[in-house]
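Below, each chain spelled out in residue letters.
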Amino acid sequence: MAEDPKQDAEQTAAVAEVDKFADALGPFVLAAQKTRMPMVFTNATVSGDPVVFANRAFHELTGFGDDEVCGTDFYDLMARGVGSDAVAQIREAFAGTADSEPEIKFKRSDGTEFCASLFISPVVAEDGTTLQHFISLADHTSDREKQSQCEMLIDELNHRVKNILSTVQSITRQALRGATDPATIRESIESRIFALSRSHDLLSHQNWEGADLREVVDAALEPFRGASGFAERFRIDGPAVRLPPKVTLALGIALHELATNAVKYGALSNDSGTVAIDWSIAAAPGGDRLRIFWQESGGPPVTPPDTRGFGSQILERGLAHELGGMVTLDYRRAGVVCSIDLAAPGKLMNG
Amino acid sequence: MDKVLAGRQILVVEDEMMVLWNIEAVLADLGCRDVAVAATCEQAIALIRDRRFDVAMLDVNLGGETSYAAADVLACNGVPFLFSTGYGAHGIDVRFVDRPVIGKPYRDADLAAMLVALLPSGTEVQVG
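Residue numbers (the numbering used here), protein chains in the order written: chain A, 1 to 351; chain B, 1 to 128.
Just so you know, these hints were derived from the structure itself, not from any lab.
Any given hint might turn out to be false.
[To be verified] Label pairs and their computed distance ranges (CB to CB): (1) Asn-77/B to Gly-63/A: 34 to 42 Å; (2) Gly-78/B to Asp-237/A: 37 to 45 Å; (3) Gln-206/A to Glu-42/B: 45 to 53 Å; (4) Glu-151/A to Asp-110/B: 50 to 58 Å; (5) Gly-78/B to Ala-334/A: 51 to 59 Å; (6) Gly-111/A to Glu-42/B: 29 to 37 Å; (7) Pro-305/A to Ala-28/B: 14 to 22 Å; (8) Cys-115/A to Val-94/B: 38 to 46 Å; (9) Gln-149/A to Asp-110/B: 50 to 58 Å; (10) Gly-111/A to Ala-46/B: 38 to 46 Å; (11) Gly-63/A to Glu-42/B: 37 to 45 Å.
[Stated by the list, open to error] Which residues of chain A face chain B? A few of them, derived with a C-beta cut under 10 Å, are: (12) Lys-20; (13) Leu-153; (14) His-159; (15) Thr-180; (16) Asp-181; (17) Ile-185; (18) Ile-189; (19) Ala-231; (20) Arg-233; (21) Lys-246.
[Said to hold, decoys possible] Partial list, derived from the structure: chain B residues whose beta carbon lies under 8 Å from chain A: (22) Gly-31; (23) Val-35; (24) Asn-77; (25) Pro-80.
Being a predicted model, the structure only gives us computed values, none of them experimental.
Even for Gly, the Cβ is constructed at its ideal location relative to N, Cα and C.
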């Protein structure tokens with residue numbers, strides 16, 4: 001800038017103008033300098049509205065230094081890097097023909113963007129000539145960020161709600177397919193809906209960030225341990241493992257299906273059978289694995305079913321599909337064994 | 001229900017098991033016994049490269065990623081497809097503006113009609 005003597009002279013004049021301005025207005029200038037609202041005064045008697053004063057908040061918002069701002073036409077300053085629509089809006093605002101305060105995406109000196117409304121008020125002399133423009137900017141950048149985060153959450157919510165409705169449709173269809181007795185159909189639908197609901201409770205209590213495997217097991221088994229009186233017949237053991245939401249929901253319904261089968265045909269269908277649920281993390285060449293075992297014993301001798309019901313289909317194919325892991329359901333004579341093998345969380349990034 | 005999809009090769013790209021079960025049940029009712037399923041784009045693309053499908057349906061949101069990459073490969077191979085989504089048609093990338101979209105949840109009959117409409121005409125499959 002120093003290479004251009006004309007520019008240099010203009011800037012010196014502008015700085016002198018600011019000093020004059022500060023002397024004349026005293027405490028008001030101090031207040032304007034310190035307020036957190038970005039504001040600028042321009043000289044409206046000169047074409048282009050060169051800036052005569054810009055406060056600290058303006059420098060902070062825009063990243064422009066005093067040397068870049070003072071003496072520079074305000075319009076040029078603000079029009080840097082904005083789209084042609086925004087240039088027209090700034091023009092209208094200056095001409096006083098805009099219907100409302102324009103909200104414009106500006107570029108800072110470092111190229112990053114901020115979003116602000118421009119409030120432009122003319123300072124008019126008694127003879128009607130406009131002496132100055134007083135311009136304040138309301139920064140909406142964080143509001144806009146919050147809004148777009150909100151929109152993302154609403155999209156995500158829609159996705160989840162519609163998937164839940166599809167899931168309920170699936171549960172209903174399967175219940176109607178397998179039985180004719182209304183009480184059985186109702187029990188089948190209700191118990192699965194409640195199982196889903198408990199998994200959702202777990203997740204919503206923790207902002208949908210995930211849940212501990214132990215909590216997932218407890219939530220899935222709750223109706224069987226409580227009202228059904230099987231509390232003493234489960235043995236649960238394993239280290240703390242944090243599961244992402246998707247795995248939480250899938251395992252919740254899977255454990256519910258296993259427990260339902262155990263009550264109907266397996267270890268919980270007599271007075272003495274037990275179910276052991278344990279898990280561990282094992283190192284493996286492709287990354288750590290989480291291995292979960294459901295092992296029934298002491299029940300009546302197991303005979304593999306002729307046709308595999310919805311529950312066992314959910315387990316073997318569905319769970320493996322959703323977790324990207326391996327699930328085997330083994331109808332051993334001494335008791336059903338289900339083993340679930342999936343990438344240990346940390347590798348499971350999809351929520 | 002008519003077995004309008006008997007003998008057809010169908011690809012279903014859906015990451016949620018419970019939703020998938022419903023789709024498989026609907027397709028089974030429509031006579032389709034051989035449904036290929038994928039939970040991720042990567043799995044879907046591997047299947048598309050490996051086999052010839054008559055028609056495909058893709059959930060837009062696969063646990064965070066979109067199914068667009070698989071849709072592009074289908075389009076490239078001339079396999080007709082539809083999207084299923086909980087968002088409504090507005091959420092789908094403009095490059096798929098001409099592709100049919102079914103909103104979740106859907107009626108069996110609507111899904112059947114859309115899949116049948118996508119099948120190339122004059123390629124009736126003999127039901128044995």
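Hint by hint, here is what the structure shows:
Taken as a hint, the range 34 to 42 Å is violated for the pair Asn-77/B and Gly-63/A, whose Cβ atoms sit roughly 50 Å apart. Our hint of 37 to 45 Å for Gly-78/B and Asp-237/A is violated, since their Cβ atoms are close to 54 Å apart. Separated by about 29 Å at the C-beta atoms, Gln-206/A and Glu-42/B break the suggested range of 45 to 53 Å. Between Glu-151/A and Asp-110/B the CB atoms are about 28 Å apart, so this pair departs from the stated range of 50 to 58 Å.
Between Gly-78/B and Ala-334/A the beta carbons are some 53 Å apart, a value that agrees with the proposed interval 51 to 59 Å. Checked against the given bound of 29 to 37 Å, the beta carbons of Gly-111/A and Glu-42/B, roughly 36 Å apart, stay inside it. The given range of 14 to 22 Å is respected by Pro-305/A and Ala-28/B, whose C-beta atoms sit roughly 19 Å from each other. Hint check: Cys-115/A to Val-94/B, Cβ distance near 25 Å, so the stated range 38 to 46 Å is violated.
The hinted window of 50 to 58 Å between Gln-149/A and Asp-110/B is violated, with their beta carbons roughly 34 Å apart. Between Gly-111/A and Ala-46/B the beta carbon distance is about 41 Å. The supplied range of 38 to 46 Å therefore holds. Our hint of 37 to 45 Å for Gly-63/A and Glu-42/B holds, since their Cβ atoms are close to 42 Å apart. Because the beta carbon of Lys-20/A sits about 56 Å from the nearest beta carbon in chain B, more than 10 Å, this interface hint is broken.
Because the closest C-beta pair between Leu-153/A and chain B is about 13 Å apart, greater than 10 Å, the hint is violated. Interface hint status for His-159/A: upheld, as the beta-carbon distance to the closest one in chain B is roughly 4 Å, under 10 Å. Hint status for Thr-180/A: violated, given a least beta-carbon distance of 18 Å to chain B, over 10 Å. Taking 10 Å as the C-beta cut-off, the interface hint given for Asp-181/A is violated, the closest approach to chain B being about 20 Å.
Proximity of Ile-185/A to chain B is violated relative to the hint, the smallest CB-CB distance being about 16 Å (cut-off 10 Å). Against a cut-off of 10 Å between C-beta atoms, the interface hint on Ile-189/A is violated, since the closest Cβ of chain B lies about 13 Å away. Taking 10 Å as the C-beta cut-off, the interface hint given for Ala-231/A is violated, the closest approach to chain B being about 28 Å. Because the beta carbon of Arg-233/A sits about 28 Å from the nearest beta carbon in chain B, more than 10 Å, this interface hint is broken.
Restraint check, Lys-246/A versus chain B: the minimum CB separation of about 6 Å is within 10 Å; hint holds. With its C-beta approaching chain A no nearer than about 16 Å, Gly-31/B sits outside the 8 Å limit, and its interface hint is violated. Here the hint on Val-35/B is broken, as its CB sits about 11 Å from the closest CB of chain A, past 8 Å. Among the interface hints, the one on Asn-77/B is violated; its C-beta lies about 23 Å from the nearest C-beta in chain A, farther than the 8 Å criterion.
Residue-level restraint check for Pro-80/B is violated (minimum Cβ-Cβ distance to chain A is 22 Å; threshold 8 Å).
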